[in-house]
Amino acid sequence: MRDLNLDFDDAAVGSQMFRFAEELFPICRSITGEGIRETLHRIGKRVPLEFHEVPTGTKVFDWTVPPEWNIRDAYIKDQSGRRVVDFRDNNLHVVGYSTPIDARMSLSELKEHVHTLPDRPDLIPYRTSYYSESWGFCMEEERLRRLPDGNYDVWIDSSLEPGSLTYAECYLPGETDDEVLISCHCCHPSVANDNLSGIALATQLADHLRGLRLHHSYRFLFIPGTIGSITWLALNGDKVDRIKGGLVVTCVGDPRHPTYKRSRQANALIDRAAANILRHSGQPYRIADFIPYGYDERQYCSPGFDLAVGSLMRTPNDEYPEYHTSADNLQFVRPEALADSMSLYLRVIDVLENDGSYLNLSPKGEPQLGRRGLYPAVGAQGAGLQLMARLWVLNLSDGRHRLLDIAERADMPFGTIKEAARLLTDGGLLAPVGT
Amino acid sequence: MRDLNLDFDDAAVGSQMFRFAEELFPICRSITGEGIRETLHRIGKRVPLEFHEVPTGTKVFDWTVPPEWNIRDAYIKDQSGRRVVDFRDNNLHVVGYSTPIDARMSLSELKEHVHTLPDRPDLIPYRTSYYSESWGFCMEEERLRRLPDGNYDVWIDSSLEPGSLTYAECYLPGETDDEVLISCHCCHPSVANDNLSGIALATQLADHLRGLRLHHSYRFLFIPGTIGSITWLALNGDKVDRIKGGLVVTCVGDPRHPTYKRSRQANALIDRAAANILRHSGQPYRIADFIPYGYDERQYCSPGFDLAVGSLMRTPNDEYPEYHTSADNLQFVRPEALADSMSLYLRVIDVLENDGSYLNLSPKGEPQLGRRGLYPAVGAQGAGLQLMARLWVLNLSDGRHRLLDIAERADMPFGTIKEAARLLTDGGLLAPVGT
Amino acid sequence: MRDLNLDFDDAAVGSQMFRFAEELFPICRSITGEGIRETLHRIGKRVPLEFHEVPTGTKVFDWTVPPEWNIRDAYIKDQSGRRVVDFRDNNLHVVGYSTPIDARMSLSELKEHVHTLPDRPDLIPYRTSYYSESWGFCMEEERLRRLPDGNYDVWIDSSLEPGSLTYAECYLPGETDDEVLISCHCCHPSVANDNLSGIALATQLADHLRGLRLHHSYRFLFIPGTIGSITWLALNGDKVDRIKGGLVVTCVGDPRHPTYKRSRQANALIDRAAANILRHSGQPYRIADFIPYGYDERQYCSPGFDLAVGSLMRTPNDEYPEYHTSADNLQFVRPEALADSMSLYLRVIDVLENDGSYLNLSPKGEPQLGRRGLYPAVGAQGAGLQLMARLWVLNLSDGRHRLLDIAERADMPFGTIKEAARLLTDGGLLAPVGT
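In order, the protein sequence lines correspond to chains A, B and C.
Following our numbering, the numbering of the first sequence begins with 49 at its first residue and continues without gaps.
Following our numbering, the numbering of the second sequence begins with 49 at its first residue and continues without gaps.
Following our numbering, the numbering of the third sequence begins with 49 at its first residue and continues without gaps.
Watch out, some of these pointers could steer you wrong.
Intra- or inter-copy, both count: the list cannot distinguish identical chains.
Said to hold, decoys possible - List of simulated lysine to aspartate or glutamate pairs, DMTMM-like, C-alpha gap at most 25 Å: (1) K107 x D289; (2) K412 x D354; (3) K292 x D337; (4) K287 x E157; (5) K125 x D170.
The hints are simulated quantities; they were obtained by calculation from the structure and are not laboratory data.
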């Protein structure tokens, strides 16, 4: 059995992840440019990373790596010269990938470039326009309403030029080349749950796993969304077949219940592992079927790859009102939620590492557990959970069931079945079969 | 894609079907004789028909074509000579296939030949006795109760003589010999939903389809129930294997919700098509499992044939109180219901015609829909139905899924998936595979 | 068809079983010794038995046949010499397999050897300690509370010596060597539902079946729990493969609803037979999945055997408050419940005996049932249950469905389908295929 050190210090680890999210929050990230480059650099201070720069114009399947976007400042000034909208206050104010602009225009002209959320007038929306050149501002509906008629000075000091797309990998070699993929998009500016929570968790998880001896190799991808996973897949066709399962890490810090979104395969080991862990997590949860929408699982699960990659989240993107607004901030993300998500990730990985087939060495009738101290003596009524787990493991260890199969049929936590298998193996009643 | 002209004029088509039902209502039909012959003749004025006469005594599997029955008049007269029951008022008054009778008898003798519905005393039941020679009258329970004791003159001017069983076919050749069977019993006298509604719909559907270019050939059978389908199967053994699916058309004009009764195969293409159409029809509906009772699907689904023939109805026979009574009349059938049923039939046929396999030509990662105008730009949150349909079609067009498979997994109307496939094919991202 | 004489006299048979349970109640049984030997002797007066004595020390798989235990008397006397606990009042007072003791001790010393049910202070628990040498008493919590401090004389006149384990078999040869196993533990002292009810039913069933001509051979095992089934399996390895299905008989006399616990195979013929019988029994019931806990099905369903053995009970052990206490007595068991259980057992066996494959000799279209008197004439609406059963049998007798398959798809009692098959066979429309 491989020990994943599941009982880490929740409070310490939660607060460590939260502080890293705080550190990264102010940076203006996008799918290319200095913001994501700086972010990856800071991750690299915590876990060993290999950095990649893919030049603008590189063909990646049906896509082309776009120009690199950088932004220094942006504002809207009123006639008095006051910045009524200021990029320095909140980087959500500028539509991502906005082209530069330096112009004076009337309010009505300006409004054609302004995005608000009329239903939530106090929030700034998060908007981008990666592949269609334009510029724009995002602001609170109530701020827009207060702007008087008149002319405004509009200024975006950005550049959209040949450069490169930046991503990074953390590769943790295990006993075999079979890989588990942990993928995390790093392209969003100051929004916290989506996806500073994912960045913090993936970094913490890589740091946790690199101290352990594991069966699988683990590949962590820190990439821009969509174009990043497409780029990685296009440039690493030789590695794809090694991926036996994976998870897209996003929205793991909000205080609501966990959700697992199945892979396209629907019933792969990763899917069954996540279902078992959530079912026995002691909290409400949801298992959602795969749909070809969401984050980078869309690319990993495209029909040309069909990888067993799901997504373990808390509240999925699109399903919480704070999503892609200025309300998705550091108040929305909680250290306890991050720590709980971390624990769920580790437990899922525990299944991948420890699922295996065992053989009952005494398969005819039950072995006499009592004389081995594995059965209660002068019996109270009923069998406790631990005894039932032992009986299930013995009953189903016939070479046709693995531990997760047994956990599923017994409707028990994988960890309880694993522990029973360990005890029975120590007691000489069970032996591992192959892998 | 084949265009079935799904958006016909509901009001016009509904009223056209209703008027045809009105025209046919007065005719006294049975499983043989001039009534059904005249009915088929009138259908033949609307769509091209091939007429068949199968002589009395012909062996058809375990059955024998019965004598031809015709009736000219029938009555019960009281002692004053007044017709207290008169065939000219309602042809339901005579049990179908009644032998001739000319006798005077007491009320108590007469009662042995009278059928009523004691629970619904104001309705005349519809009864037949095809294979056991006898005579009888049907009347309202309350009319029977009012008859005073005394003698009555009983007169049925019918004949049961060697002749023939009449049926007709409308065959619409398509691009292939694969056939879709539309079967409709035409043997009931003045009852409207069962089955003038079916006759009107089948006639209208044949008329609609014959103007279109279709993949399948369509065979419409206008036959007497049970003996008609058995006769057709017995005489057309060489054609049976061409039937890839079919529907028995009955009870399609009542104002209640649609019902699909599965074929014996339970999950044939026709079954899945009907389930998809009803599920997304925007109205309550029911999917009923196959049972070896009902109408001619019993014969098509007998184990020696096991054809994929279901029945798309509104309220099934036996499940509405008007069934097989004088209350199943032209007031019970509605033009709107007929039009809605017609639309459902066409949409099911649309699935049969357009289900097919396509290949995603850009299967690695998602293709860039945005630069093809197939993806919303500066994005609002969430993906609309049309975008989701495109993503599903791309995701599952891997050679192992057909359009209906995709509609089922996406839980979307077939039509939406079909439209997405058409757009993606036009955009060069998808290509049809084989048939 | 084999006639199992399903319509026995419920009242007579129920009272006969109950009287046998009454007769056996006072005997102090255990897994070895004179109590079980005497019990088997009395069963042997009713049905032919073969007795087996397996010497102490015999190795049976992972287990060893234990010493033989016998007990003559036991008590706790207070300082006045009064028996405050007396084995002669209730044999549950002594922990099964208690070693002999003859000592005076304080109340507090004594209490370490006393078992009570604090939550149900008026009941004596039933406890054993077969494989860990110790002694103990069981009593009512309220009796214990009333014992004053002071010294007590403790006396158990038992012996634990080399001897043998006793069990018996009743083998009823059928037309084939395929066996049905009926297994019943006989090791509990004065507790009635668990398992004098099982002993009484198994004895009655053996007596009922031995008068009949049957396809399967029937093997009834009257054995001590756990060690008995393990011993039988260890000594009869050559016979195990003949067992095609079986039932563990226990807890069949309480007044609550029946429960069937599936075999490990979950969907074996015995499992499906029991499910059909319970579903159509006209009373509430429960189907429970297999778990590797309970009675001897644990051994028969161990992975080295994986026999299709379930358990047909009323309330399962562990699930009724009287279980393993002095409240599981002759007042708790009812003659009517025993008779109902007997009927359920017979009906399940009826499925095993009569399930078979038939061929519709007229598979193209329906045969004309009317001229064979198998179809109602001038029809009322709807098809009755008997007609529907005939139509289902005809429709599915295609060589791929057996009668139980048909009963399941038609959702009808097996007996109704069996009767329809008999009538159709007599009518020349159906013929049996192989076995």
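Here is how each hint holds up against the structure:
Within a single copy, K107 and D289 get their C-alpha atoms as close as 22 Å, which meets the 25 Å cut-off; across copies the closest is 52 Å, which misses it. For the identical chains of this complex, K412 and D354 are inter-copy neighbours only, at 9 Å across copies versus 42 Å inside a copy, given an alpha-carbon limit of 25 Å. Only within a single protomer do K292 and D337 lie at most 25 Å apart by alpha-carbon distance; the minimum there is 19 Å, versus 33 Å between protomers. Proximity of K287 and E157 under a CA criterion of 25 Å is satisfied in neither setting, with 50 Å inside one chain copy and 71 Å between copies.
Only within a single protomer do K125 and D170 lie at most 25 Å apart by alpha-carbon distance; the minimum there is 20 Å, versus 84 Å between protomers.
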